[in-house]
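Trainee: Residue numbers (the working numbering), protein chains in the order written: chain A, 4 to 262; chain B, 200 to 409.
Read the hints as simulated data drawn from the structure, not as lab findings. Check before you lean on any hint, since a few could be wrong.
Here are the simulated EDC-like pairs of lysine to aspartate or glutamate, each with C-alpha atoms no more than 20 Å apart in a straight line [stated by the list, open to error]:
(1) A/Lys23 with B/Glu369
(2) A/Lys23 with B/Glu365
(3) A/Lys23 with A/Glu34
Now the in silico label distances, taken between C-beta atoms and shown as ranges [to be verified]:
(4) B/Ser203 with A/Ala45: 40 to 48 Å
(5) A/Gln41 with B/Thr377: 25 to 33 Å
(6) B/His396 with A/Thr13: 34 to 42 Å
(7) B/Gln216 with A/Ser68: 16 to 24 Å
(8) B/Asp246 with A/Thr123: 33 to 41 Å
(9) B/Gly361 with A/Ala27: 57 to 65 Å
(10) A/Leu120 with B/Arg268: 54 to 62 Å
Sample of chain A residues lacking proximity to chain B, with all beta carbon distances greater than 12 Å (derived) [to be verified]:
(11) Leu120
(12) Arg122
(13) Gly135
(14) Ile143
(15) Arg256
The beta-carbon is built from N, C-alpha and C at its ideal position, and this holds for glycine as well.
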Amino acid sequence: MAQEQNQHLTTEQLSALLDKQLPAQEQTRCEAHVRACQQCQALLNDLRHTAALLHALPQPTLPRSFVLTSETLRAAAPTEDSVAPIPLTIQLEERRRQRQREQRGAKSRSQLRRYILPRTLQAMSTLVAVLGLLFVLSAIPFHPGGASSASNGSSYAPASSTSGGVSSSPTPSPQKAGSVPDTTPGTRKTPQVAQQPTPTPVLTGVHQPATSSGPPALVQVFSVLNPTGAGGRAIDGLLLLFLAFAGLLIARRWRVRQT
Amino acid sequence: MAKSMRDDEEELIARSQHGDVHAFNQLVLCYQQTTYSFILRMLGNPDVAADVTQDTFIAAFRGIASFHRGSSFRAWLLRIASNTVYDHWRRVQRRPAESLDQLADEEESRGINLLNTLAATGLDQNPEERLLSQELQALLQRGLQELPPDQRTAIILCDIEGLSYEEIAESTQAALGTVRSRIARGRARLRAYLIQHRELLPRPYRLSNE
Numbered sequence: 004m005a006q007e008q009n010q011h012l013t014t015e016q017l018s019a020l021l022d023k024q025l026p027a028q029e030q031t032r033c034e035a036h037v038r039a040c041q042q043c044q045a046l047l048n049d050l051r052h053t054a055a056l057l058h059a060l061p062q063p064t065l066p067r068s069f070v071l072t073s074e075t076l077r078a079a080a081p082t083e084d085s086v087a088p089i090p091l092t093i094q095l096e097e098r099r100r101q102r103q104r105e106q107r108g109a110k111s112r113s114q115l116r117r118y119i120l121p122r123t124l125q126a127m128s129t130l131v132a133v134l135g136l137l138f139v140l141s142a143i144p145f146h147p148g149g150a151s152s153a154s155n156g157s158s159y160a161p162a163s164s165t166s167g168g169v170s171s172s173p174t175p176s177p178q179k180a181g182s183v184p185d186t187t188p189g190t191r192k193t194p195q196v197a198q199q200p201t202p203t204p205v206l207t208g209v210h211q212p213a214t215s216s217g218p219p220a221l222v223q224v225f226s227v228l229n230p231t232g233a234g235g236r237a238i239d240g241l242l243l244l245f246l247a248f249a250g251l252l253i254a255r256r257w258r259v260r261q262t
Numbered sequence: 200m201a202k203s204m205r206d207d208e209e210e211l212i213a214r215s216q217h218g219d220v221h222a223f224n225q226l227v228l229c230y231q232q233t234t235y236s237f238i239l240r241m242l243g244n245p246d247v248a249a250d251v252t253q254d255t256f257i258a259a260f261r262g263i264a265s266f267h268r269g270s271s272f273r274a275w276l277l278r279i280a281s282n283t284v285y286d287h288w289r290r291v292q293r294r295p296a297e298s299l300d301q302l303a304d305e306e307e308s309r310g311i312n313l314l315n316t317l318a319a320t321g322l323d324q325n326p327e328e329r330l331l332s333q334e335l336q337a338l339l340q341r342g343l344q345e346l347p348p349d350q351r352t353a354i355i356l357c358d359i360e361g362l363s364y365e366e367i368a369e370s371t372q373a374a375l376g377t378v379r380s381r382i383a384r385g386r387a388r389l390r391a392y393l394i395q396h397r398e399l400l401p402r403p404y405r406l407s408n409e
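Could you put together the complete structure from these sequences and hints?
Mentor: Shown next as structure tokens:
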């Protein structure tokens, strides 16, 4: 007995003593020891204070009511039968994952309409816009001196020949482009255009400045769109920009409507 | 009176087991304070605690058929609550990227958010004392957070929620001896933590300086 009293109590004994959770005999023995032992007394007091501090913590205010509504139950996906609580929590998580999967599935179904189409349109419109901008920018005349027309002609000749190579004769272009500056009306070309079949107007139009007056309306339109001339390129660029803008607008509307 | 309340509860449980959500919601109203409080003390983050509490009640409603009548409903409910908390931790661990963010968030909000929540909980004393108690509450919460989960669970259930050792054993599905030792080790660790920060303790709670 004396030996037992000399031996300090374990934390577990002291903690259980606090809650009166020791068997009756052990409880009385431990109480007797604590009365005699200052060290155990101090530890017991500390444990008591620690527990008291926790006990004194106020109840937190509820952020909301957790009453189950049909919505909360539906949001957690319905079950056909109820199962034991431990598997259930796992099940609940499974549901959550399934829910996510379902949402993802639904997404992919409407994805084409909601995401892919508008995105594609947007991307294409952006491309067109960049192209248009390039056209407009290239139409801004560079005059690093007085030799603009000559430099113009020589620099654009190969360009027109490469683009013209798709349909027919690139041969006249170097001569004409070289001789015809941006602003001069191409009166010599237009009769040629009128005689030739449909693909050629485009080509001849290529060398045509925007200001030609005499030729038929179709030819005039083509000559207005002539990308070799600065004016034509500007108009082409603006048209492309307009197209791009319209495309972007439609794409945006689409997405807004979908969301 | 207590008996009639107990009978009422039995009745509500019986109806819930037949799928009556309204009856179950009566139980939710009775136990949501305890459940939320337990989960908040476990997690330390009010927002996450709210979500986990909601999940707990959904899981409880789904699993109420497995509840054995006659045993403690509170212990059973808190068992589901602690399972849901562990599930949350597991989920957070499984998604590292998100978990890091979340942990950072939790860490960040711990200072402000928790203080606000705990401050909102009351103690209408003079401002100085209130400030002190806010600090103390935050300190205790941080101390709880330092404990291993099993000790934290045991201590919260015992010293904050006031469950008996038997109820805790039922709730944590552990033997009485295990519960006893978890509570003892939890208290001892928390005591050590508080001693480290004893300057924040009010005079009557000063611990011995060992």
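Trainee: Hint by hint, note whether the structure agrees.
Mentor: We went through each hint and held it up to the structure:
1. A/Lys23 with B/Glu369: Holds - the C-alpha atoms of B/Glu369 and A/Lys23 are around 19 Å apart, at most 20 Å.
2. A/Lys23 with B/Glu365: Between A/Lys23 and B/Glu365 the Cα gap is close to 13 Å, so the pair holds against 20 Å.
3. A/Lys23 with A/Glu34: holds, 10 Å
4. B/Ser203 with A/Ala45: 40 to 48 Å: About 46 Å separates the Cβ atoms of B/Ser203 and A/Ala45, which means 40 to 48 Å holds.
5. A/Gln41 with B/Thr377: 25 to 33 Å: holds, 31 Å
6. B/His396 with A/Thr13: 34 to 42 Å: violated, 25 Å
7. B/Gln216 with A/Ser68: 16 to 24 Å: holds, 22 Å
8. B/Asp246 with A/Thr123: 33 to 41 Å: At roughly 39 Å between Cβ atoms, A/Thr123 and B/Asp246 fall inside 33 to 41 Å, so the hint holds.
9. B/Gly361 with A/Ala27: 57 to 65 Å: At roughly 23 Å between Cβ atoms, A/Ala27 and B/Gly361 fall outside 57 to 65 Å, so the hint is violated.
10. A/Leu120 with B/Arg268: 54 to 62 Å: The hint (54 to 62 Å, Cβ to Cβ) holds, given that A/Leu120 and B/Arg268 are roughly 58 Å apart.
11. Leu120: holds, 31 Å
12. Arg122: With a cut-off of 12 Å, A/Arg122 remains clear of chain B, as the shortest Cβ separation is near 25 Å.
13. Gly135: For A/Gly135, whose nearest Cβ neighbour in chain B is about 41 Å away, the distance exceeds 12 Å, so it holds.
14. Ile143: Per Cβ check, A/Ile143 is outside 12 Å of chain B; nearest 49 Å; holds.
15. Arg256: With a cut-off of 12 Å, A/Arg256 remains clear of chain B, as the shortest Cβ separation is near 34 Å.
Comparing the model with each numbered hint stated earlier shows that hints 6, 9 do not hold.
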